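Asks: Protein chains in written order, with the working numbering: chain L, 139 to 325; chain W, 139 to 325.
Don't take each hint at face value.
Identical chains blur together in the list; that is why a pair holds if it fits in one copy or across any two.
Unchecked claim - Cross-link-like lysine-lysine pairs, in silico, DSS-like; alpha carbons within 25 Å at most:
| # | residue 1 | residue 2 |
| --- | --- | --- |
| 1 | Lys-224 | Lys-179 |
| 2 | Lys-308 | Lys-289 |
| 3 | Lys-209 | Lys-224 |
| 4 | Lys-180 | Lys-278 |
These aren't lab readings, by the way, just hints derived from the structure by calculation. Just so we're clear, the structure is a prediction, and the values are computed from it rather than from any experiment.
2 protein chains.
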Amino acid sequence: AAESMFNRPVCVQVRCQGCEERRLNVRVSIELLSVSNPVHKKDLAVRLTDDTDPFFLYNLVISEEDFQSLKTQQGLLVDFSAFPQKFIDLLQQCIQEQNKDIPRFLLQLVSSASVLDHTPVFLNVVETNPFKHLTHLSLKFLPGNDAEIKKFLASCLKCLKEDKIKLEEKLKKTEEDLTRQLSYTQQ
Amino acid sequence: AAESMFNRPVCVQVRCQGCEERRLNVRVSIELLSVSNPVHKKDLAVRLTDDTDPFFLYNLVISEEDFQSLKTQQGLLVDFSAFPQKFIDLLQQCIQEQNKDIPRFLLQLVSSASVLDHTPVFLNVVETNPFKHLTHLSLKFLPGNDAEIKKFLASCLKCLKEDKIKLEEKLKKTEEDLTRQLSYTQQ
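Kindly produce the complete structure, drawing on both the sequences and the hints.
Replies: Shown next, in the form of structure tokens:
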């Protein structure tokens with residue numbers, strides 16, 4: 139079971155090796171995954187996708203144990219249960235600033251390769267103050283393999299089919315309603 | 139470039155090793171693929187999918203050279219250019235018979251495994267007359283790998299997104315049209 143905490147496109151600054159910086163709308167999805175084997179616990183799953191590119195997929199899954207090393211390594215002061223909301227707060231700050239010329243909070247997607255292609259990327263939350271760049275958080279994502287992309291696309295297809303059925307029903311109902319009103323008015 | 143010749147669900151009889159026979163609706167797509175490398179030629183691409191199962195994908199691509207061995211092996215009397223239409227004629231005959239208790243023409247999907255799962259399958263067009271079963275055609279399909287399923291799902295997603303946009307536009311236009319007519323009638 140997955141509990142969705144955040145799912146929306148955010149503007150990121152893409153930095154690849156030897157390339158010009160560019161902007162990209164990346165959909166960030168944050169979910170808590172219930173894992174009950176061997177014991178009941180929750181993993182944090184973060185997914186980066188691009189609504190315009192079906193093959194763009196980067197994944198990060200953080201277990202409570204993973205989080206301990208992330209916490210030490212990046213000097214975080216929150217615990218695992220509070221971390222998702224703090225991450226979302228940081229994303230919200232970036233979203234608030236994303237249309238400004240000089241945003242104070244910025245999301246960077248950094249790759250050591252020359253293009254975003256089958257290599258890990260870092261998603262960094264960077265604050266720029268008059269003195270320096272401060273990296274609040276840096277998360278490493280792995281590119282999705284074919285099997286993961288396949289599963290992701292199947293879930294998109296399922297949602298889209300449901301949307302389409304709802305739209306068809308709404309269209310039918312709208313036509314019926316208004317036609318009925320029209321015939322009633324004309325009497 | 140691909141030229142679509144046939145694309146619709148047909149009822150097939152599934153036969154796996156040691157399993158009970160069952161019916162399945164399989165979408166058969168037949169396309170001519172233009173290949174211009176090294177010389178200009180056309181390949182016949184046949185795809186089996188299941189509208190209710192995004193991971194169900196079997197492929198067969200027949201080049202003109204492949205066809206020569208198929209022709210010899212199965213004693214076919216048509217040439218490569220006439221083959222696709224003959225195949226479609228056979229499918230149509232199966233479709234016409236598919237709701238009958240004892241269909242004269244039947245499509246079989248045969249696997250040597252115990253389930254349809256990552257093993258090749260044969261699609262057979264079988265005629266049953268009072269005397270015997272006659273196999274008119276037997277084509278071997280390979281299961282799609284993750285990369286092929288990924289590409290197929292991305293193309294489904296693209297079509298479905300276009301359908302959804304058209305539906306949204308139609309709903310908007312219908313609402314506007316009928317609201318205008320209604321207000322006109324009420325004046």
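Asks: Each of the hints needs a verdict: does it hold here or not?
Replies: Now the hints, each set against the structure:
| no. | hint | in the structure |
| --- | --- | --- |
| 1 | Lys-224 / Lys-179 | within (20 Å within a copy, 58 Å between copies) |
| 2 | Lys-308 / Lys-289 | neither (29 Å within a copy, 31 Å between copies) |
| 3 | Lys-209 / Lys-224 | within (13 Å within a copy, 66 Å between copies) |
| 4 | Lys-180 / Lys-278 | within (19 Å within a copy, 45 Å between copies) |
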